[in-house]
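Can you make the complete structure from the sequences, with help from the hints?
2 protein chains.
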Amino acid sequence: MDIGQDFFHRIRIVLIRTTEAGNIGSAARAMKTMGLSQLVLVKPAEFPNAKATARASGADDLLADAMIVDVLEQALEGCDLIMGTSARLRDLPWPLLSPHEAAEKAWEYRQMQGDVAVVFGSECSGMTNEEMDHCHFQIHIPANSEYSSLNLAASVQIIAYEMRMVQMLSIGEGIRQFKEILATRDEMKYFYDHFFDVMRRVGYYRPEQPKLLRRRVMRLFNRSMMTHPEIQIMRGFLGMIDTKLNEK
Amino acid sequence: MDIGQDFFHRIRIVLIRTTEAGNIGSAARAMKTMGLSQLVLVKPAEFPNAKATARASGADDLLADAMIVDVLEQALEGCDLIMGTSARLRDLPWPLLSPHEAAEKAWEYRQMQGDVAVVFGSECSGMTNEEMDHCHFQIHIPANSEYSSLNLAASVQIIAYEMRMVQMLSIGEGIRQFKEILATRDEMKYFYDHFFDVMRRVGYYRPEQPKLLRRRVMRLFNRSMMTHPEIQIMRGFLGMIDTKLNEK
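Residue numbers (the numbering used here), protein chains in the order written: chain A, 53 to 300; chain B, 53 to 300.
Hints may be right or wrong, so weigh each one.
Copies of one chain are not kept apart here, so a pair can be met inside one copy or by any two copies together.
Claimed, not checked - Taking lysine to any residue pairs in the SDA-like style, the calculated list, with each CA pair at most 25 Å apart, reads:
#1 K95 / V121
#2 K95 / A118
#3 K157 / F189
#4 K263 / E153
#5 K263 / P281
#6 K296 / S89
#7 K263 / T295
#8 K103 / C176
#9 K241 / M270
#10 K263 / D249
#11 K103 / N196
#12 K241 / E125
#13 K296 / I283
Note that these hints are calculated values from the structure, not bench results.
Written out as structure tokens, the structure reads:
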């Protein structure tokens, strides 16, 4: 198992006293889309439940494997890093992390023995101060101050997404997947020679003029990192203009 | 209105042919938690709908203000930057952005006149190639390759979250400024009309042919995010070719 997969499997999502079973299903789905698998439920109001299964929509294996416990302590056994999500700022403030920073923190902990827990309170009351006492950090998901009512599964989705992003960026797996071969430097040079030659022929470009026009055009095409097939299209087009001009 | 608020209000979330009304409600809630307000629905299967309102849970003002249109073009009127979310990689790939990069791109566009559209396809079939043709970029939300079934509202949540994050991080910090004005969508449209017309006149492009050539050319220029002066250069050049062809 490569380090990325192992990282995902060691992140534990802990949901405390979830009242809506549907939210547990949605949270499982959110987790699985990002590669997370460990779900722990602390005193769920209704579970197992058909609504949870329906909402999980293919992530029901996470529900079947979910650990169900009575108190938060049990959910956190074997964890080296514990982070609690809460919108509420406490009288005695916890060290605050954004979801992105929390994912970076989790990534730093990946060579530790234990797991990383991210804890979510109930839909209505969130996490109590006593529950926050177990946490090394508080994760604060930025939100509209006039309407900060994030759905539980939406919060899980954001955290899980950031975990996946940090893993992707860290193992150097960009998302860019241009399958086309980029144009070589020579191809670019011949393309520009051709382009400015046609520009000159139609009277738009005079080589003795200041170089600004030339530079602007090159900047435009350089910026888009032209591919080999694109160069062929442009050269084909320029060639046809040449032909038409020669016919005169 | 400060620049941050204005930024949020100019981001348009466009949902195409959404089949589940509940997802529209959840999407509205996801948007509002992050400060977004503009929702456009293209041919929703069922709307307005009680399930949508229930799921919106306090974000029903966004549903009431939602614009409902028949075709995607209408939804994109007045937009200068259009990004389509799709998990599918195309035969002819679009320039891919992560949600984070998409938010950065949107932020760069904030001093433009027009809006920024982020388009989401239907739950089952996603976005068609023809719908992607309207987009400057494809947003690819990273996901578990074995289970990439993100819920529609979860996808909206991630995009909206990244929009908020980029705004938070950018305000108060040194912000990258575009010194040149970017081309508007109309300018791009007239440029393409002109470009393909000249291509047709010299016999390189036949409109009845498969659309691949057209798509390739548009992808090339869209990718470089053309500026107003660059459009002027290209239009000037094309105009001179026209003149020469007319002289014959």
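Next on the checklist: Checking each numbered hint in turn, tell me which of them this model violates, lowest number first.
Outcome noted: Hints 4, 6 contradicted; others consistent.
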